[in-house]
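Start from chain Z and add chain P according to the hints.
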Amino acid sequence: MTKSAYRNKDKRTVKIDAYGDTHRELNAKLRDAVSNGTLRIELQNVYGQRYIGTDLDKPVEIEIFGVPGNDLGSFMDGPMIIVRGNAQDGCGNTMNNGEIIVHGHAGDIIGHSARGGKIFIREDVGYRAAIHMKEYRDKKPVLVVGGTAQDFFGEYMAGGIVILLGLNLKEGEHHKARFIGTGMHGGVIYLRGSVEDFQLGKEVGVAELDEQDRQVLQKYVGEFAAHFGYDAGEILKHKFTKLFPLYLRPYGRLYAY
Amino acid sequence: MKTYLPPKFIVERDPERCIECEVCINQCTFDTHYYDAEDDEVRSREGTCVGCHRCVLFCPTHALNVRTIPLDYRDNYNWRPEFIEDIIKQAETGGVLLTGMGNDKGYRIYWDHLVLNASQVTNPSIDPLREPMELTTYIGRKPDKIEVDADSSNLKTDFAPQVRIEVPVMFTAMSYGAVSLNVHESLARAATEAGTLWNTGEGGLHPKLYQYGKNTIVQVASGRFGVHPEYLDAASIVEIKIGQGAKPGIGGHLPGEKVSADVSKTRMIPQGTDALSPAPQHDIYSIEDLAQLVHALKEATNYTKPIAVKIAAVHNSAAIASGMVRAGADMIVLDGLRGSTGAAPKIIRDNVGIPIEMALASVDTRLRQEGIRNQASVVIAGGIRNSGDVAKAIALGADAVYIGTAALVALGCCLCQQCHTGKCAWGICTTDLSLTKRINPDIGARRLANLLRGWSLELKEILGGMGINALESLRGNRLHLRGIGLTDTELEILGVQMAGS
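The listed protein sequences derive, respectively, from chains Z and P.
Counting with numbering that gives the first Met the number 0, you get residues 0 to 256 for the letters of the first sequence.
Counting with numbering that gives the first Met the number 0, you get residues 0 to 500 for the letters of the second sequence.
Because the hints were derived from the structure by calculation, they are not lab data.
Among these hints, one or two may not hold up.
Listed below are the simulated EDC-like cross-link pairs for lysine to aspartate or glutamate, each with C-alpha atoms no more than 16 Å apart in a straight line [to be verified]:
(1) P:Lys1 with P:Glu84
(2) Z:Lys238 with Z:Glu195
(3) Z:Lys57 with P:Glu229
(4) Z:Lys238 with Z:Asp209
(5) Z:Lys139 with Z:Glu172
(6) P:Lys264 with Z:Asp137
Chain P with its partners taken away, still in its complex shape:
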């Protein structure tokens, strides 16, 4: 069938600069560049380019540029090119449209409408270069009250298991299979270096990475891939995945062609079969059932580690979160509307769920009202772009944040949204062995650790400017936030005042 889809990108090749070295041909995984033997020339074809910039950045003479094609349809606010092209794609395939990465639609990003406070005159700001600043965060259930032995000054209260992280930023769940082993290793080593945690996602933990167990969160999801006693024992935290921001209520299908020999070893399924994660966990149809799995995992790990529960941020997250805490979760994770994915139905990614800022504010408020906020750490995910977002999230009530896309961007991701094709030219979201070696774990870990270092330094600057020297003083302290350009209802849900008030 002839496709009616217009090319999305145009490749501009500067013939003056091109030395016909064919690097572009070798780097492109979408067959955009080719060698024309007849004319003895390296050329490009437009239709297949996805705009991943791999060729542009690897061209040794900077001969290439990639631009969106300015194919203008007749102006129509309702029938925008995206909708037209989606219909064409479906008319030609008859399938569910798949996509990768997070929601790219213009829903309001509340981080951009929140500003932080700083000290001026009436209280001194602190210079983090010369004074100690604490970002240390403990993940886990906190007691309702603390008792101290008067004679010895020792704590009498028994604490539930706590996991200490040095920076309130963790790497979110990305499974081996969705991303490559080299990405997993980069994340694990960077988390270890930075004193934070990375998350295996639901594809199991490769034997090579057990050594980073202390900095690992392992996931138990509906597919239960690679879940066995050593896997649970290896980790610092076990996370039950109920949902994911990019596809709330939807299961996952890792296509058989991505289930390579090594992925099959970790997932513990035969090579080449689809790894199907059912939409629900079939032992969880209620809060009571969730409590059962939480406690089964506590028993399976002999009460030595926090058990986390992750949900997608949806309309009644606050009530669900209350149930999760009461079900025994020691850490609850909210993954918002802009949370990313290796593959999700586009229609779900773009239309289901609520912004993480709203979910976080309402969950934190609800748990405080019910007097159970101390019983679980609250971690958010989905669209955190920089340390400013982190600081605002902490002020809105988060204990820590997860980053996924930001981490992948640090590794080279250009958000071309082709994760679901398995052809990632950056070698990130693929299990093709010829591509996965494009991520060198030595360099990957360095880039990720650098990112965390940069964000830590910035967070300390932000805290210092506010005149506080510990992240704990910012946590849930919404007085340090003001809103700009928000309605009264939005301000009320966020629990912040208008700038100027």
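Excised from the complex, chain Z in its bound form:
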């Protein structure tokens, strides 16, 4: 399903009131709606139900009002989820494909082991975001965070593209995360602004952007800006730092055979 189909104005919207539903009941309603060919769902009164969208493999658009619970879109394979509020831990956990757009903050381990799809968080994320994200050929997950992040950002990363914009940092204020990219052995992290060496994991290197990096940033910061009403050009004017894994095999020399 292409982007244009997502944006199709004519598609039928099904409204579901999540009030009083357990996660099982709510997901059953979603499965029903999606299997009936629904292309757009509005979820009202969501209050912490977990695993929303977990078992969906169609390119349906789900707009969530309220606060979805942990593991939003975990194992998800195709839908686009828009959260009008904050998301909690494990958002996009082991996600395969699709898109999650959060108009607010998100908790810990966002995009844990994600294998594909895109996650856009307008504000901050918690600890260990993008942990063990991985990629294979054309499947390359993307996480863009508008605010800042806590420690172990991009830990164990084995692939994918992670962008941290720090838009809510004040003039002269730095990202505070430490152990960024600890154990990283694949993928790339772009930080808007700079970080001190002590904030980085032992396995990452720092590099200037090249033309290809700029194209990547243009594409995904552009999408971020479009989702949240920012001016991409304005964001991209700022200096970016590229973090990359120094080794494909960070622990290759650990053992005696």
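Chain P in isolation, oriented as in the chain Z frame:
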């Protein structure tokens, strides 16, 4: 650096028998045999032999034998050769000692101290050759009680998903990458033929093997390699791996050189990168978090299949198991001290965890005390060697057992403990394509299915001798066990009486 490590094995070549055909040279992956052009002779060098017996068994004239070298150190009970040689190895490399297979230390093997009962005079034994014997086992959560409609005699109770196996022996998790695709195919086909299950381990499922999905358990471990919706949908059971008996609390590092093009396809990571499985699952730091992943997987599979949770048997397994069941696990797996591995730090393998017999007995007892034993099937792994061990495990409270080493031995493994080198001469624990073809899946599947058939027949003999005709009657029935040479505390934890009492 000159190595101070003495050779471990000596190769004896009978010159009368050797026809210099060079089969030994071609079969050896450790460079032990070579052709000496000057003397026009096939020779062997001792230092590299690992004692895998590949050359011995493939020598067409039986000209070879491999023996341990009787290099005797001065007697010292404290400083045994193994410890001396480990230090030498580390002094020369500065690394963590790696090893393969299970714990080979002399910890007490409780199976060898348990004996089974049989019927004599007061109740008749049953001849399984002439009477039906049932080994069928259903894996999954059982209801607290059963309601039957009085009029139609139909069950009114809704059952959680159950998976039927015809023999209570399944093939344990061994990942593609650790073992070869041909091993996976052999396991999958044998499991299908025998009506049991095999487990993918955490390296994903090769597209070629999706057809065996009905007999497949897929694993979700900390690396989440190859985990995607089709993978989850393909299987009968999804197993969350928390720990492994050979290396409790330790993650896995599949070295980049084992991540071949095909392994990278299944793991879904680039070729040549290390496949790092973190020690913890980073979304699980508590029982509540475990419940979250269990339910995420139930949602992801729409409540159609049991979700299993596997832990290494450790000191407080009983309390943890209770938490696992309450977290929604439909099957819990305990992997004991002697559980095997494709690669683990030797110091962890040899020193961490508890014997599976103790873990099983205490977990089964605890779940019964709490009235939740029915809520999950209990499966054990780690050191099951024969059908006698299986029967004792069932009597101690297991629903079924996993075998790993036993299955590999059926395929040719000689327990040389070199799995971590990737040079397995038997073509089992390697991804080197020139070696993996040493396992022919047609023959491999046959050997494994034969093993299961043999064990099934033996289990039926054991049951018949006890005068019972269904495995279900033995399950958790510790009155059929007696202990020999055990202390009161050991008997108490095992919940069995001393032989003679």
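Legend entry - Numbers of the earlier hints that this structure fails to satisfy, in rising order: 5
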